[in-house]
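Residue numbering for the sequence shown follows my numbering, starting at 1 and increasing by one per position.
Since the hints were made in silico from the structure, they are not lab data.
From a predicted model like this one, the values you see are computed outputs, not experimental measurements.
Cβ atoms here follow ideal geometry from the backbone N, Cα and C, with glycine treated the same way.
Zero decoy hints are in this set.
Cβ pair distances, simulated, as ranges:
{"#": "1", "residue 1": "Val35", "residue 2": "Glu180", "range": "26 to 36 Å"}
{"#": "2", "residue 1": "Pro106", "residue 2": "Tyr171", "range": "21 to 31 Å"}
{"#": "3", "residue 1": "Pro210", "residue 2": "Glu117", "range": "14 to 24 Å"}
{"#": "4", "residue 1": "Arg55", "residue 2": "Glu152", "range": "35 to 45 Å"}
{"#": "5", "residue 1": "Met165", "residue 2": "Gln81", "range": "20 to 30 Å"}
{"#": "6", "residue 1": "Thr159", "residue 2": "Arg133", "range": "13 to 23 Å"}
Here are the simulated SDA-like cross-link-like pairs (lysine to any residue), alpha carbons at most 25 Å apart as the crow flies:
{"#": "7", "residue 1": "Lys61", "residue 2": "Arg48"}
{"#": "8", "residue 1": "Lys173", "residue 2": "His187"}
{"#": "9", "residue 1": "Lys12", "residue 2": "Thr159"}
{"#": "10", "residue 1": "Lys207", "residue 2": "Pro54"}
{"#": "11", "residue 1": "Lys179", "residue 2": "Ser2"}
{"#": "12", "residue 1": "Lys173", "residue 2": "Thr3"}
{"#": "13", "residue 1": "Lys207", "residue 2": "Arg108"}
{"#": "14", "residue 1": "Lys170", "residue 2": "Glu151"}
{"#": "15", "residue 1": "Lys12", "residue 2": "Thr80"}
{"#": "16", "residue 1": "Lys179", "residue 2": "Asn130"}
{"#": "17", "residue 1": "Lys201", "residue 2": "Pro37"}
{"#": "18", "residue 1": "Lys201", "residue 2": "Pro88"}
{"#": "19", "residue 1": "Lys195", "residue 2": "Glu92"}
{"#": "20", "residue 1": "Lys207", "residue 2": "Trp112"}
{"#": "21", "residue 1": "Lys61", "residue 2": "Thr94"}
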Amino acid sequence: MSTGLYPIGNHKIRFKEREFRELATEIMTVLNNNVFPNAEFLRLFALRWTSNGPRDIREIKSKHQWTFEEENEYYSFAETQEINLYGPFLLELTFDENKITFWNPPYRYWQWFEMRENVHRDEWRKYMHNIVRLFGGDRVIYLADNSHHLEEFLYYEGTFEEIEMALHTKYGKPKPTFKEVTDNFDHSWFVDDFKTIDWAKSHSLDKYLPEPDDASSTDYDLKK
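Take these sequences, add in the hints, and give me the full structure.
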């Protein structure tokens with residue numbers, strides 16, 4: 001079974017004594033007032049990454065605003081203390097009191113660290129940097145699942161800083177580079193402060209062209 005990548009970022013959002021709709025609307029509004037530093041990359045990547053199903057393609061081309069999951073019989077903020085948001089380009093985020101969980105990029109843990117194209121990885125780092133900065137954060141920890149040694153920290157009950165301290169206690173200092181993680185996957189962890197992003201470089205978009213046709217049909221309901 002493959003090992004998923006789970007980036008978690010810090011933030012300064014006040015959750016305590018807040019009602020669901022007030023908090024969800026506040027987060028959604030901040031996201032909708034944001035301008036991605038690399039929106040065209042995110043859009044074209046999403047179009048290429050999908051299975052080219054008409055519904056997904058149409059959603060990518062038509063959804064421009066973030067929305068949040070409404071409470072229902074299966075989801076209650078009072079029980080989970082989490083807020084799920086769905087954005088343009090099939091982007092998804094989950095906010096809780098301690099962290100932001102990123103559900104994109106859609107790579108496995110090993111793929112992320114072994115990626116040869118730094119400029120491609122940097123496009124996703126630009127996105128994560130953009131999001132955490134919006135909410136007062138400045139870094140991301142990359143966790144993993146499926147019996148990886150970092151899986152236990154996916155469910156750690158504590159603040160972002162307490163997660164960092166627990167990781168440091170168990171595995172020592174975080175590795176300073178992606179390469180050093182790949183040299184010792186079994187005993188490594190990584191905190192991304194985004195300082196090594198090369199903002200002067202952008203990923204070529206030619207490989208994502210031409211765009212797929214959405215085969216538009218009124219039969220496709222895009223409501224979440």
